[in-house]
Amino acid sequence: MSLAVLSTPSRHGPGPRRSTVSTRWVHAVNAPLVKALHHPWVESIVRLSAVEDALVALHPLLSLTQVRARVLRIVDETASTQTFVLQPNALWLGAQAGQFVRVQLEINGRRVERAYSLSSRPGTRRIAITVKRQDQGLASRHLHAAVKVGDVLTISQALGEFVLPSVPPSRMLLLSAGSGITPVMAMLRDLRARRYQGDVVFLHVCKSQADLIFAAQLKAIAADFAELSLVVHYTAGAGPLSPEVLAVEVPDLAQRSTWMCGPTGFMDAVSGYWQREGINAPLMREQFVGAALLPSTAPGTPVNVSLISSGASFTTWGTEPLLVQAERAGLSPKHGCRIGICRSCQCVKTSGTVENLQTGEVSSAPNELIRLCISTARSDVVLAL
Amino acid sequence: MSFAKPTTLSREQVAEFEREVNAIRDGVMNNLGQADVDHIRAMIRISRASEIGGRALLHFGMGPLSWVAGVLALANAKILDNMEIGHNVMHGQYDWTGDPALNSQTFEWDIACDGEQWRHSHNVTHHTYTNILGKDRDLGYSLLRMTDEQKWKPRHWFQPLANLMLAMGFQYGVGSHDLEIGRYKHGAMPKAEFRARLDRFLTKVGKVWFKDYLLFPALALWSAPRVLAGNFCANLIRNLWTYLIIFCGHFTEGVAIYREEDTRNETRGDWYIRQLSGSSNLTGGRLFHIMSGHLSHQIEHHLFPDMPAHRYPEVAPQIQALCRKYGLFYNTGSLFKQYLTVMKRILTYTLPPKRVAV
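As given, the protein sequences belong to chains A and B, one line each in that order.
If you read the first sequence in the working numbering, its first letter stands for residue 1, the second for the next number, and so on.
If you read the second sequence in the working numbering, its first letter stands for residue 1, the second for the next number, and so on.
Derived by calculation from the structure, the hints in this document are not laboratory data.
Hints are not guaranteed to be accurate.
As the list claims (entries may be wrong) - Keeping only pairs whose Cα atoms sit at most 25 Å apart, straight-line, the calculated DSS-like set for lysine-lysine is: (1) B:Lys211 <-> A:Lys35; (2) B:Lys207 <-> A:Lys35; (3) B:Lys153 <-> B:Lys185; (4) B:Lys191 <-> A:Lys334; (5) A:Lys334 <-> B:Lys135; (6) B:Lys135 <-> B:Lys151.
Using the sequences and the accompanying hints, generate a full structural model.
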């Protein structure tokens with residue numbers, strides 16, 4: 001299950017990023033070198049991609065620009081969930097509990113990027129992502145089936161605002177459902193490592209005992225962490241966890257700062273309850289985004305197109321190419337042939353569904369290259385223009 | 001040579017032709033995968049290894065044999081970088097991979113032609129308006145008279161010489177192409193825009209000169225003349241080879257030339273037919289195809305400019321069969337035979353029209 005960048009900013013503000021002296025030293029040397037290699041005159045002598053490929057040929061973890069991480073161990077958590085323990089290279093800046101990384105995979109020649117929360121405790125050189133295999137998930141199936149111990153993955157630096165503050169509040173609720181357990185597991189591990197003195201409830205919802213990710217670790221942590229109350233709600237026996245049931249399980253939730261991660265429907269129900277009951281305690285949520293096809297609208301339905309760099313936005317009806325509709329809205333994106341040949345109008349579609357008017361192909365993939373002159377919007381669309 | 005007549009095919013036949021060409025395209029584009037990325041990465045590796053080997057032989061080698069080997073290796077690297085890698089990547093043939101090193105809009109190559117200017121003059125102008133007189137600026141490169149429909153001027157007496165000069169300095173011809181000097185001289189382009197284009201071109205020329213004629217010779221210390229001469233010869237070989245391949249793509253005998261008014265309400269099918277009739281192929285083995293950047297399959301390239309080029313040999317027989325079915329001319333032949341017809345055309349149109357026996 002992948003996570004989006006979107007999350008409610010923490011009211012407490014993020015804690016300090018934990019970078020060691022050695023990584024700072026590496027970055028101090030590396031940054032000017034990369035800057036020099038990016039210079040157009042240097043690039044015309046030796047391409048950065050050639051330098052990177054040469055470094056990888058020397059050692060698979062070497063890179064000037066990318067965090068590359070070796071798979072040290074693969075742990076089966078449940079029948080459909082695996083944890084990948086990774087050893088990142090020196091460019092890794094460290095993470096805060098709750099953050100995620102974008103994992104870059106090449107599947108049958110195509111780059112695919114997915115965000116996975118880190119389940120490991122911050123401050124260690126080894127990190128871990130925990131991935132549930134989705135039946136239709138391209139990336140999760142590839143990770144489970146094709147990635148082996150010893151392989152090297154390219155990942156981003158840690159991202160996301162769903163983090164613990166540097167001084168955690170005295171009463172907390174870590175609430176998760178399904179594979180949403182991963183970021184809050186990192187938080188729980190962090191709290192224990194920091195010898196948290198307050199009172200924390202860890203409430204997790206999953207189908208049955210067989211689906212409980214981190215079962216053994218949770219048990220071990222609970223055994224010697226007196227401040228923790230661990231509650232696992234099995235829906236197979238007890239039915240779905242409604243907010244009302246939650247209020248029974250955690251009677252003092254109005255006094256607790258809550259960090260929550262799970263399916264959208266689950267989180268919306270909880271957020272709604274907070275609003276209805278007028279609970280003022282902070283509620284932080286990490287949004288899930290499924291890899292499934294987003295719904296696409298029929299031609300003639302008004303949808304909104306927003307451009308990131310220029311900040312402009314306009315409405316289209318999905319009847320004409322995006323290029324024409326952008327021009328009608330008074331914008332002048334770069335273009336050439338206008339018939340899909342030259343790719344001058346190619347740009348990155350950050351999110352949304354578009355139809356290729358030449359092939360009829362409908363696509364919802366995030367961060368995908370599209371040609372404005374032969375694409376039309378089939379949902380709200382965000383473009384990196 | 002006069003304008004192509006409007007196709008004898010009925011509108012229904014053109015529409016059917018379009019569907020069949022689309023089906024051939026989909027057959028390949030729907031199964032792009034690891035093999036295609038592996039191919040282009042292998043080409044990049046070979047080009048890099050060849051450049052390192054060539055430059056090392058020029059720098060550290062002794063005697064004429066290592067010099068010749070160095071020149072050939074460096075020329076090979078430059079040809080691969082221009083043709084199979086640069087030209088094809090910049091067409092967007094590998095954009096589907098999502099690999100930033102293979103991104104058409106940011107790729108830059110080792111040649112005096114600026115990538116962005118190339119994307120405009122080649123991808124936008126030439127590939128959209130292929131062989132339309134007055135629109136396709138690749139038709140004779142504003143230098144050569146290639147058809148009766150181009151007005152003869154006294155400077156065309158020097159056409160064979162101009163052709164030779166263009167061949168030897170082909171990278172500068174390609175590089176200065178997007179300046180559109182003619183348009184500027186006729187006052188159709190503002191001075192500021194011309195200056196901007198000129199600056200861009202000269203900056204790129206500066207970069208390649210700095211690398212091949214200053215930096216690497218200087219690094220070679222006392223071998224500087226050897227390296228300088230080697231780099232010059234490698235560039236010359238690359239120029240001649242690219243010229244040869246590219247001239248055989250559109251200037252051979254039997255290639256159709258179009259009038260703008262005949263192409264105004266083109267359907268995709270009409271466009272396919274124009275691309276097909278406006279291009280000519282070269283026969284040869286796999287190595288020859290790779291060294292030509294698969295522009296030996298100019299016809300397939302013009303039909304499917306964003307299909308990974310190493311797939312052209314796979315679709316060529318299907319296109320050829322389609323041509324037989326619809327009675328369209330599939331222009332192909334050996335490099336020698338095709339270039340002979342190019343030379344014949346260049347020489348024929350050197351002469352003023354009255355003397356030409358058509």
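Right, here's what the structure says about each hint:
{"no.": "1", "hint": "B:Lys211 <-> A:Lys35", "verdict": "holds (19 Å)"}
{"no.": "2", "hint": "B:Lys207 <-> A:Lys35", "verdict": "holds (18 Å)"}
{"no.": "3", "hint": "B:Lys153 <-> B:Lys185", "verdict": "holds (17 Å)"}
{"no.": "4", "hint": "B:Lys191 <-> A:Lys334", "verdict": "holds (21 Å)"}
{"no.": "5", "hint": "A:Lys334 <-> B:Lys135", "verdict": "holds (20 Å)"}
{"no.": "6", "hint": "B:Lys135 <-> B:Lys151", "verdict": "holds (15 Å)"}
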